[in-house]
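K.L.:
Protein chains in written order, with my numbering: chain A, 368 to 636; chain B, 368 to 636.
Calculated from the structure, these hints are not laboratory results. Among the clues, some could well be false.
Short derived list, chain A residues pointing at chain B, Cβ under 10 Å [claimed, not checked]:
1) 376
2) 378
3) 382
4) 386
5) 400
6) 419
7) 427
8) 428
Note that the Cβ used here is the ideal one computed from N, Cα and C, for glycine as well.
Protein chains: 2
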Amino acid sequence: MRLPGIPSAPERAALTPAEARALFRDGLATPTAGWSSGFTQANLIIVPREQAFDVLLFAQRNPKSCPILGVIEAGATSGPLLADGDIRTDVGRYMVYENGVLVAEPTDLHDWWRPDLVTFIVGCSFTFEAALQHEGIPIAHIEEGSNVPMYRTNVRCAPAGEMSGPLVVSMRPIAADRIADAVRITAQYPAVHGDPVHVGDPAALGIRDLARPDFGDAVTVPAGHVPVFWACGVTPQAAVMESRPPLAIGHAPGHMLITDARDSDYLVP
Amino acid sequence: MRLPGIPSAPERAALTPAEARALFRDGLATPTAGWSSGFTQANLIIVPREQAFDVLLFAQRNPKSCPILGVIEAGATSGPLLADGDIRTDVGRYMVYENGVLVAEPTDLHDWWRPDLVTFIVGCSFTFEAALQHEGIPIAHIEEGSNVPMYRTNVRCAPAGEMSGPLVVSMRPIAADRIADAVRITAQYPAVHGDPVHVGDPAALGIRDLARPDFGDAVTVPAGHVPVFWACGVTPQAAVMESRPPLAIGHAPGHMLITDARDSDYLVP
């Protein structure tokens, strides 16, 4: 199969979600920041039905890190957030865990799919980045063309059944005189992590070195800027790794599901 | 066993939640409107773990009618909303359904309890009634000393797995010039049904006769008042009756769980 080429930045931004998903379905695997401007990107966590109650209860108890945008029930492979899509193929790259151990990073799930798998589509802080930029707050990882840095913290999530794990956060450096604005703007998106969980001192979250994120890429924190931390939708994936179910599947960090929902759908002004 | 007497109205209002639950544990069975003033009352739906994912997903998809305040996992009988309480005894009266058919209305669950049962504690519109009264909006069923009237509607909830059913609503007559206030006040309690789903014409919801509620008691709609309908936490019980799981348990309408949470905990001003 000939892989599709990566479209240019303006082309990526202008793709409809269905067009973007078709490229990933054809085998393309690349981070999705900047794709399908205005449409909501999302995290994935996929588990067998036997574990699905614990995952959904974990999300209910940890709504800031695990906001559920949609659930594809066992037996189905599509849903209203990806019309005519296929959750087994429409993400660029997946992470497959067996008993909590990463065993594969495939570009589709045909070798792994089972009819009892339940897919949770989880909100992503990419959703409010355009709103931050629109109000003149630059996003470092977008400016640097890299993936947002994400960190495991020493904050424990509320457990649910077999699911327990650390809060995972994403970090964006914000100028000291814009932090209040960043809080105000992101608070308007409560369903996609909302306002920050922590501003400043990474050590208070148990983060030893900002230059070494657990997922994604490090970004520069310029003078006069403060690291600001938002709850991250990779949190359920970290809990799945700790709880070691027989099978669990997530997206590769940064390789998000591009949904048909619009970022503005999640704005609560 | 000698049943405890029903306390006077001021005594009922002044009881702590733990004191109220102790009376119900001792066998008292009476509607709870006006009990433990300022503390949050809640609906119950209890199902085997096998059905629990569908119930939780149904709630996630129908958050206005099924706001989850807490979940007691299989094997447990208490939780943070009822410290030192016991969900098997601490509600005045329960409704037990086998295959969707009401088979018993016991005052405790000792004959029915199984270790695989999962308890969902669901928000109740009683929570915002004190706020309405505080702003000078009288509540008919409280003034009449009866149970709030509740109706099955022709609005279908979003289904989840085996769970499907109608939206159930509670109704309060509101003076025409106070409806905007009632909307504004109840919108501040999004976790306990929030603002109304419908104002006026009962027929548009498929309600034929306000004088014949499906649950609770009819109230008078005075001249110049409009029937206003809020989503009701009996909705998951109606869906359970339709989906006919082998066993399901709810509270008797109006006989709520009195939790340790305060109504003000759910205020989002």
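K.L.:
Next, verify each hint and record whether it holds.
P.N.:
Structure-based check of each hint:
Of the supplied interface hints, the one on residue 376 of chain A is violated, with its beta-carbon coming no nearer than about 36 Å to a beta-carbon of chain B, more than 10 Å. Annotation: interface hint on residue 378 of chain A violated; nearest CB of chain B at approximately 36 Å, more than 10 Å. A least Cβ separation of about 29 Å between residue 382 of chain A and chain B goes past the 10 Å threshold, and the interface hint is therefore violated. For residue 386 of chain A, the interface hint is violated, since its Cβ never comes within 10 Å of a Cβ in chain B; the closest pair sits about 28 Å apart.
Using the Cβ-Cβ criterion of 10 Å, the hint placing residue 400 of chain A at the interface with chain B is not satisfied: the shortest such distance is roughly 28 Å. Proximity of residue 419 of chain A to chain B holds as hinted, the smallest CB-CB distance being about 5 Å (cut-off 10 Å). About 6 Å separates the beta-carbon of residue 427 of chain A from the nearest beta-carbon of chain B, less than 10 Å, and the hint is met. Taking 10 Å as the C-beta cut-off, the interface hint given for residue 428 of chain A holds, the closest approach to chain B being about 8 Å.
Hints 1, 2, 3, 4 and 5 from the list above are not met by this structure, while the remaining hints are.
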